Amino acid sequence: MNQDRRIRVLVAKPGLDGHDRGAKVIARALRDSGMEVIYTGIRQTPEQIVDAALQEDVDTILLSILSGAHGFLFPRIMELLKKKGLGDILVLGGGIIPEDDVPELKKLGISEIFGPGMSSQTLINYIRESLSQV
Amino acid sequence: MELVDEVRKGSVRALAKLITLVENEMPGGIEAMEKIYPLTGNAYIIGITGPPGAGKSTLTDRITKELRRQNHTVGIIAIDPTSPFTGGALLGDRVRMQGVSSDEDVFIRSMATRGSLGGLSRATSDTVKILDAYGKDYIIIETVGVGQDEVDIVRTADVSILVVMPGGGDDIQAIKAGIMEIGDIFVVNKADRDGADRLVTEIKMMLGLSSVEREWTPPIIKTVATEDQGIGTLVEKINEHRDFLIKSGMLACRRKERIRCEIIKMIEHEIYRYLDGLIAENKDFFEQRLEDIVNKKEDPYLLTKKTVETIAKRISKNANV
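Residue numbers (the numbering used here), protein chains in the order written: chain A, 1 to 134; chain B, 135 to 455.
Since the hints were derived computationally from the structure, they do not count as laboratory data.
Since the model is a prediction, treat every value here as computed from it, not as a measurement.
Just to be clear, a hint being listed does not mean it is correct.
What the hints assert, rightly or not - As a list, the in silico DSS-like pairs of lysine-lysine whose alpha-carbon atoms are at most 25 Å apart: (1) K151/B / K83/A; (2) K143/B / K83/A; (3) K84/A / K143/B; (4) K143/B / K82/A.
Build the full structure now, drawing on both the sequences and the hints.
Laid out in structure tokens, this is it:
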């Protein structure tokens, strides 16, 4: 019986920056590693992202942000996830996020922040390992 | 079954989880569907198909908006292809559905084909049933971008809408068999582009050439989905067609045919699982047979016959337990 739980990932771009090259590169790399990637496009509100995660029953959410508004948007997303009973989803961040902000974001429950220069294989391995522990 | 009860009570989380359970063929999936089946039959199922880039997702978004304006609840199943090489998929239909993605009474689920070739995924019809049992008034299925022969939608939806756009080929394309035969309603989207009227004429001629006596003449509707043009007319035609199906008794016929096809598919899949297991267990044996067949020491027909016999024995053994 085909019981392999295919990993479903939501790649989301919260906020107002319109640059999704990085998000698309990541989406493509995850697709090529055999995952099902749901891409929702740019300028997503926290509500839209959380609703998509809920309906699509994803295992992990990747938030890509370049605008600098992570300090406002990420907490809002985490709060909504908990409110909807989705606190168990693995949430990762990426884009342009200053190192100094990382501890604060991790406190919110974001597992890891991946910045520029990271290889996509690192991310793929991280997702696989994190999900196999669940 | 807890999950089914929660779905009936309106839990979106349970709804999403149940779809995953069934899609992944996890334990409990079939038992859940046994509970779901009696609760189905109330939703109206709209199929939207057409070539890649014709505007299926945008049209789905706009039709949904119109149905919501009329206070109907909507479930959307949006299907995109799975890579035949890696098994991965990029599901991007939600990008065009921003207008309805945060509406509480709209549920959107993206699905990958996972190897199915008919334009849908294997779990599509079960997902339709789950959304139906959940209480959605309308369920819209958006197929993968199709070419000529992916016509499973016609056996899954109550109404099939074929979306085409100007510039998609000459009029010979329109009289080929397959996809052009399945439209209950034709939509010429991107109708603000050159060649839209010509395309309408070509489809009209194609329908006129048909020698089959039709009780329903498929209407051809011009839309510009991004500009919201023609959407009201399209939804009116969907309802008109629905009235026709009900009055003529064809809706019941179509649904009966659908169940017939589903049953056959389910049985096929069950048998296929035996075959899959058999081959997995006897890899070396099959490799050796293959070698012999390639070298003309054996023939493939005997192997087929023997394999079917083995499967039959296994099935009857299981049935007796």
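Hint check results:
A distance of roughly 17 Å separates the Cα atoms of K151/B and K83/A; the hinted pair therefore holds under the 25 Å criterion. Proposed proximity of K143/B and K83/A is supported: the alpha carbons are some 19 Å apart, at most 25 Å. In summary, the hint linking K84/A to K143/B is supported, as the alpha carbons are separated by about 16 Å, within the 25 Å threshold. Between K143/B and K82/A, the direct Cα distance comes to roughly 21 Å. Compliance with the 25 Å bound is thereby established for this hinted pair.
Violation of the numbered hints given earlier is absent; every hint is satisfied by the structure.
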